[in-house]
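K.L.:
Protein chains in written order, with the UniProt record's numbering: chain A, 1 to 119; chain B, 1 to 374.
Keep in mind that the hints were calculated from the coordinates and are not lab data.
There could be a bad hint or two in this list.
Simulated pairs of lysine to aspartate or glutamate, EDC-like, Cα-Cα distance not exceeding 16 Å [claimed, not checked]:
| # | chain 1 | residue 1 | chain 2 | residue 2 |
| --- | --- | --- | --- | --- |
| 1 | A | LYS98 | A | ASP14 |
| 2 | A | LYS98 | A | GLU46 |
| 3 | B | LYS34 | A | GLU28 |
| 4 | B | LYS356 | A | ASP16 |
| 5 | B | LYS34 | A | ASP87 |
| 6 | B | LYS261 | B | ASP145 |
| 7 | A | LYS98 | A | GLU49 |
| 8 | A | LYS98 | A | ASP16 |
| 9 | A | LYS98 | A | GLU17 |
Covered by chain A, per the in silico footprint, the following chain B stretches (three or more residues, Cβ under 8 Å) [claimed, not checked]:
| # | region |
| --- | --- |
| 10 | 77–84 |
| 11 | 291–305 |
| 12 | 316–330 |
Looking from chain A toward chain B, a few residues come up when the C-beta cut is under 10 Å (computed) [to be verified]:
| # | residue |
| --- | --- |
| 13 | LEU11 |
| 14 | ALA13 |
| 15 | GLY31 |
| 16 | ASP32 |
| 17 | VAL34 |
| 18 | GLU37 |
| 19 | LEU38 |
| 20 | VAL53 |
| 21 | GLU55 |
| 22 | LYS58 |
| 23 | ASN84 |
| 24 | ALA91 |
| 25 | PHE108 |
Each residue gets a CB set at the ideal place from its N, CA and C atoms; glycine is no exception.
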Amino acid sequence: MLKYTEDHEWLRADGDEITVGITSHASEQLGDVVFIELPEEGREVEAGEEIVVIESVKAASDITAPVAGVVTAVNGDLADNPGNVNDDPMAAWFFRIKPAGDNPLDGFMDEAAYNELIG
Amino acid sequence: MTNELRRTGLHGLHLEHGARMVPFAGWEMPVQYKMGVMAEHLHTRARAGLFDVSHMGQVLVHPRDGKLETAALALERLIPAAVLGLPEGRQRYGLFTNDQGGILDDLMFANRGDHYLLVVNAACAEQDIAHLQGLDDVEIRPVTDRGLIALQGPEAVTVLARMIPETSEMKFMDSRILDWGGIEVWVSRSGYTGEDGFEISVPDDSLREFAEAALAFEEVAPIGLGARDSLRLEAGMPLYGHDMDETVTPAEAGLAWSIQKTRRNGGEREGGFPGAARILAELESGPASTRRGLRPEGRAPIREGVEIFAAESGGDAIGIVSSGGFGPSVGEPVAMARLDPDIPDGATVYAELRGKRIAVTVTALPFVTPSYKR
Chain A
1 MLKYTEDHEW LRADGDEITV GITSHASEQL GDVVFIELPE EGREVEAGEE IVVIESVKAA
61 SDITAPVAGV VTAVNGDLAD NPGNVNDDPM AAWFFRIKPA GDNPLDGFMD EAAYNELIG
Chain B
1 MTNELRRTGL HGLHLEHGAR MVPFAGWEMP VQYKMGVMAE HLHTRARAGL FDVSHMGQVL
61 VHPRDGKLET AALALERLIP AAVLGLPEGR QRYGLFTNDQ GGILDDLMFA NRGDHYLLVV
121 NAACAEQDIA HLQGLDDVEI RPVTDRGLIA LQGPEAVTVL ARMIPETSEM KFMDSRILDW
181 GGIEVWVSRS GYTGEDGFEI SVPDDSLREF AEAALAFEEV APIGLGARDS LRLEAGMPLY
241 GHDMDETVTP AEAGLAWSIQ KTRRNGGERE GGFPGAARIL AELESGPAST RRGLRPEGRA
301 PIREGVEIFA AESGGDAIGI VSSGGFGPSV GEPVAMARLD PDIPDGATVY AELRGKRIAV
361 TVTALPFVTP SYKR
């Protein structure tokens, strides 16, 4: 089941890890993505820390770590093909994180709540 | 504030085409349509794009004594370019300068037989008109009942010739008054994309009809300001307020070419425009910095405001990016900054991006080869 952040990230539980991407709403707002800088695997991050840079034809923006933890994997293919974020945002994951705390997805929005947020 | 924004005659059409509207120079303008900036940019380079540029200022300059020469010489008091000598039916690029040698605006002016037609930037239009009204032997008539459409791209001529056959005979920078089904349109073969194309001034009450007629051809797609910016950036064209302003001289802006010999030191009509002493001296001695192209390594765009350094670490900034972004046709990021002219093309400098310095190659402009019909 997917959860969503107020920063328009989608979060998917994969075993004891969380996979993170951005929503189609976010990808539409960004416009054509031309550059993505991913964090290093193994990096320890705090919740809210800016760990991905996304540059679109319009502007630069960030993706933050939704929870504290360790980055266990990054989608290197995405850095080579940043346009995949526009083509299929739900498939274009950015990184996986092993959360430091328990029940990490509690408190994030479900799909209904997210749809309400974006109106 | 939003309700004070002006709307062009194509506002409804933009919305019907799914435009995202943004405030721009006091106007509500389309930044992109459903296609998106990248596809719009590439469409313009491959086929033909229709741009609403009705926010730009159109101004007629009539000589009070009926002699065109009077108007030419009056304009030369404000513009360093040669206005006199521009043949009838031709258009030229020029600048308004200030007493310090800075640039107040850039413009196009066209000789229309008994008067000149000027096209100026939207953000500067009011100020430019006031500036022109300071000339005493010309009558300044702002055009308030026309919009302006740019049709740009390799297939622009194919499309426009179906609507107005005479346009196919026009050459780059020709300017003519033509007829479109009984409507008087003012057409110039020029633009702001590096592509062949036209700019067409159409009466407000026919503007939408004209745009729809052009958009009905399968070659043509509506293009927003986002792609207009990336197209002009790749074409190495400066944008007023970014690559030049009232503190930047023509030579620093890389626009020395817009001052013809006859207005330079030793020329027949040397000087006589604001800032002439500094501007003309600098044309001979060379400016301390001038606009150059930058090609960053990798795919991260370097945008306006990013500082440029000579070395990979330490030292003071040697320049600031004045325009930059991703060049969809180049397939890589491109940017412009004013740098020491002694730095050779091909030299490596460094842009500081998010605390890291990335290698950047200094290049000549433009980044893409223009395809004007000369």
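K.L.:
Is LYS34/B close enough to ASP87/A, meaning Cα to Cα at most 16 Å?
P.N.:
holds, 14 Å
K.L.:
Hey, does the PHE108/A contact hint survive, CB to chain B under 10 Å?
P.N.:
violated, 27 Å
K.L.:
Quick check on the hint: ASN84/A CB to chain B CB, less than 10 Å?
P.N.:
ASN84/A check fails; min Cβ-Cβ to chain B is 14 Å, beyond 10 Å.
K.L.:
For the region 77–84 of chain B, do at least 3 residues have a Cβ located nearer than 8 Å to some Cβ of chain A?
P.N.:
Since three or more residues must qualify, the claim that chain A covers the region 77–84 of chain B is violated, with 0 doing so at under 8 Å.
K.L.:
When the nearest CB of chain B is found for ASP32/A, is that gap smaller than 10 Å?
P.N.:
holds, 4 Å
K.L.:
Quick check on LEU11/A please, does its C-beta sit within 10 Å of some C-beta on chain B?
P.N.:
Since the shortest Cβ distance to chain B is 25 Å, the answer is violated.
K.L.:
For the pair supplied as a hint, LYS98/A and GLU17/A, confirm whether the alpha-carbon distance does not exceed 16 Å.
P.N.:
Status holds; Cα separation ~5 Å.
K.L.:
Identify whether the interface hint at ALA13/A stands, where standing means a beta carbon of chain B within less than 10 Å of its own.
P.N.:
Where the cut-off is 10 Å and the nearest Cβ of chain B is about 31 Å from ALA13/A, the hint is violated.
K.L.:
Would the hint linking LYS98/A and GLU49/A be met if the CA-CA limit is 16 Å?
P.N.:
Holds, at roughly 15 Å.
K.L.:
So, VAL34/A near chain B? Judge it on the closest CB pair being under 10 Å.
P.N.:
Holds - the Cβ of VAL34/A comes within 10 Å of chain B, reaching about 4 Å at its closest.
K.L.:
A closest beta-carbon separation below 10 Å is what the hint needs, so does ALA91/A meet it against chain B?
P.N.:
violated, 19 Å
K.L.:
Is LYS98/A within 16 Å of ASP16/A, Cα to Cα?
P.N.:
holds, 7 Å
Comparing the model with each numbered hint stated earlier shows that hints 4, 6, 10, 13, 14, 19, 23, 24 and 25 do not hold.
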